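So the chains spell out like this:
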Amino acid sequence: MDALRPSSHCRRSHARGSTRVDLLLLVAALALPVVDWLSGGLGLIDPMKAIFIYAILGLGLNIVTGFTGLLHLGVAAFMAIGVYSFAILTADIYPFQLGFWPALLLTIPIGAFAGFLLGGPTLGLRGDYLAIVTLGFGEIVQDVLRNLETITKGTQGINPLPPPTLPLPTAWGGTNGWYEFQADTPQPWYYLFLLFLVLVVVANRNLERSRIGRAWMSVREDDLASKSMGIPPVKTKLVAFATAAAIAAFAGGLWASSLSSTGEPSNYDFQVSILALCIVIVGGMGNISGVLVGAMVMIGVNDIVLQKIFSWMAKQELTSTGSVFGSPNNWKFLLFGLALVLMMRFKPDGLIPARKPRETGSARSATVRPKGEAS
Amino acid sequence: MSAMGANPSTAPVLLDVRGITMRFGGLVANENVSFGVREGEIFAVIGPNGAGKTTLFNAITGIYQPTAGDVLFQGATIERRFGGMAIAQAIIAGVGTSFGLVVAVNATELWAAAIDGNYEYGEPFPYSSAILSFLATMKDLSFGWGVVPAILGLFIGISASLVFWRNGRRTPDLIARAGIARTFQNIRLFQELDLIENVLVGMDSRLHTRFWHALLRLPRYFRERRIASAKARELLAFVDLADKVHQKAKNLPYGHQRRLEIARALASEPKLLLLDEPAAGMNPAETVDLMRLIRKVRDRGVTVVLIEHHMRVVMGISDRIVVLQYGKKIAEGNPDEIKSDERCIEAYLGKEELG
Amino acid sequence: MELDVQYLLQQLVNGLSNGMISALIAIGYTMVYGIIELINWAHGDLCMLGAFFALTLIGALGIGAWSGPMAAFGVVILLLATAGFCGSLNLIVDRFAYRPLRRAPKLTLLVTAIGVSFIFVNLGLFWGGLPMTVFGEGNAAAAPKNFPAIVPATPILGGEPGQVTLTVRDLMIAGVTMPLMVGLWWLVRHTKLGKAMRAVAQNPTAASLMGINTDRVIGATFFIGGALGGFGSVIYAINNGTIGFQLGYRAGMDAFTAAVLGGIGSLPGAVLGGLLIGVARSLSDGYLEARWTPTLVFTILILILVFRPSGLLGLKSKEKV
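Chains as they are written, first to last, in this note's numbering: chain A, 1 to 375; chain B, 376 to 730; chain C, 731 to 1051.
Here are the simulated lysine-lysine pairs, DSBU-like style, with alpha carbons at most 30 angstroms apart:
(1) Lys332/A / Lys315/A
(2) Lys671/B / Lys625/B
(3) Lys925/C / Lys836/C
(4) Lys875/C / Lys332/A
(5) Lys606/B / Lys671/B
(6) Lys235/A / Lys646/B
(7) Lys514/B / Lys153/A
(8) Lys332/A / Lys836/C
(9) Lys347/A / Lys625/B
(10) Lys235/A / Lys836/C
(11) Lys235/A / Lys625/B
(12) Lys836/C / Lys625/B
(13) Lys308/A / Lys347/A
(14) Lys625/B / Lys606/B
(15) Lys347/A / Lys836/C
(16) Lys646/B / Lys703/B
(17) Lys235/A / Lys606/B
(18) Lys308/A / Lys332/A
(19) Lys347/A / Lys332/A
Chain B residues, not near chain A, derived (Cβ > 10 angstroms throughout):
(20) Gly450
(21) Asp664
(22) Met690
Because the hints were derived from the structure by calculation, they are not lab data. Just so it is clear, the structure is predicted and the values come from calculations on it, not from any experiment. The beta carbon of each residue, even a glycine, is placed where N, CA and C say it ideally should be.
Please work from the sequences and hints to get the whole structure.
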């Protein structure tokens, strides 16, 4: 269809459209706490944190699955690696006791290194074999975290963990020049997570529209043609894999800090990996805005909409504990599964199937083009 | 003959195929095929369907490993040699795996000795004595928990890195980077990418933007983007696709897709271009354009080897031709010689009109 | 350290016994993968539903109280009925979930399978919450249910301390799995349906041009794979003693690992992979610690794939150019 239309025009409107979606989302996200406050507290701020974390996780996975086309079923393992390295580096039962910021930054290289160790020997494998390797890695990490009790405290988890701190003059309410995030004031957390999400989105876009992103996508489109054009396949996949692992570990560190605990190892099980995969697919594979929408839909429905409906049902006394069918929580998997099946049947390209604007040098060269050559 | 001025019959040999044999189980696809392609030539490989032409291309470009024989490019084979790098990698992998495995199987004891044994709650951590305890515990490991995993790890690491080295000796990406580009018989474009992106992927081996440059948008990224995109547009103009820069490849008509594949291959600035049936599925007008394009490619200084069934194209543009039948070379020569060769006519040409 | 031969042999027997069950379930993965390149995520959960079906049937017919030859007859009924149930369920899922997606990308199919798996898990949860006497009174829906030992673990060989023991149950496992595997091999090699299956696996388009009804062949594959899973689920449940709605994930994971280890798409590979995984698990349980077994199994899997990227018996895939 596109072939019939003047291409440059069509493309540019796409690009503008997508940027508009992103800006709209950003404005809405910035305004939400205000709305929440004005309306007397809808309880939306806290669940939104989970949406941001999952969006970051989804953006990491999107690099491997959406851009590079590799099926990755163990992204939760890298999140767990981030969670536990953050915890071990900060908690006071361990000797390292770094602050929030250095520990959070360290989760990035630690995650990347873990991704490199797993991906290095296995990324030459064909797609489905790689899928089971990542799945197996997810199980290994969980078991190791559970079994190495001396180090990880097993199923007890590690807590407490330090919250973020920001420099704030004592005169403005800081203690000793620092402001420490409090568990009962969600707004600062909200904006901090939003800031990190924006940073990850920008990083994703920068990579997507570069030589690196093109190489990833060429592997996805046709790996044989890609290597015949001189793209080293394993190295290209490895960069994608390690980047995704780093982003997932970063999301993990952030999550651990906001919970002030690692929780138990099974919090980072296969379900989490699948949830992240569904976010990527539901939103629209390889589409950054799609991942954002996917996270909002999947986590939003799960943590906000369903909870509201359930509590309303409980108030109307529509639920019962006598029968397995009476508790709405028992229906979650069914709803989730049906949604996935129907979605794949009728909207397989995701909620935002519109072709992503693949900006290359040229299209964006409007910005670097000499003056007078207006587009 | 050659528009470059050099006389191809005296120009140096660019691609030297020496006794290539390709066997798949019991099937012999190529048997002892040899020929040389000189710089600046347009060289054609012809033969009936199933004669092993595409297999030969795949052997040259590293998609298959020849059962026997060598492919020399500019006088040497293209492969990663077993040298310092490979040995260093094997040692690093072996020692790393060995150390990692020992630490992993003794993680609890090591942690207890080094960390728990030295850390007093609230006291500063004595890093140096922690390291000493770590080393002491490592030294005291029993044979079964120390030496066995160490040797096992060393063995796994070294053998894995040797296996990887062997499998990665002669890969398509290495050969492409050395200066041999190709197109495919059944077009293999990056369907969801724009035309210009397809070309830029082809250009990848000539670009220098690193991960960090792209991630942080350093000035180098913008500089190279400007240059690369100008070059890609020039190549698209070269194959007459300048007006479709931002279309998706899959939306192009067939003939245009073939030309885009040529542009993508040229983007890597190859010395040698292998075209696998470039005229397949083209109408007569497109075929004439294609012949003109192939000559233009050669005039850029790129040597061309093509597989083609279209005799008008082959006889019209080739300097020399090699004929394959049942995987064996049965003739080699210039178009006039091939046209008059009894065996070629019998095997192949007799069935088709001569251009 | 002295090597206790009897102990080692016992671990091997247990391992082979469990491995055969894994192999039977693994065949369901490998058959579907071989023909439409789908990792049938719901297969393990299908087996879970099969186990619940078998337990319900026991309750309905009172099989648990049967003894002697009647018990053997009961097992046969259970096996056949559960196989029919799982096969039909798999066929129905294929008809309504996968068939409309034949031309869709592989990932779309896989996500559908994951969705089906969630639906199955939820159905298993509901099933376990039904007020039935076989499930035990007062058990919560999610609690594991006891599966009656209709095949006793009576030793037929050994049985004294210090002897390698082989039980009736081991015999039943071998007696069910081996004929099924041989039968399947014969079916794939020597029947018209088997030939059609191999043709569709090679090239569905060409097969349909040759007049093969590909949808029917794929449906038959789902039915057979599901039925084998049904057999597997019954002997798994008898051998395991308890069932629960989450058993599909564990059992499915073992079987899937076995299929990949052997080379996914290869029938002998699935059997070999299943046996190897079973033996590796029981050796690890017996000589290391049971809690490290999954880690060890997956590490072995990853290592084998590093050296043999297509699994032990998988064909090296030729790139089609």
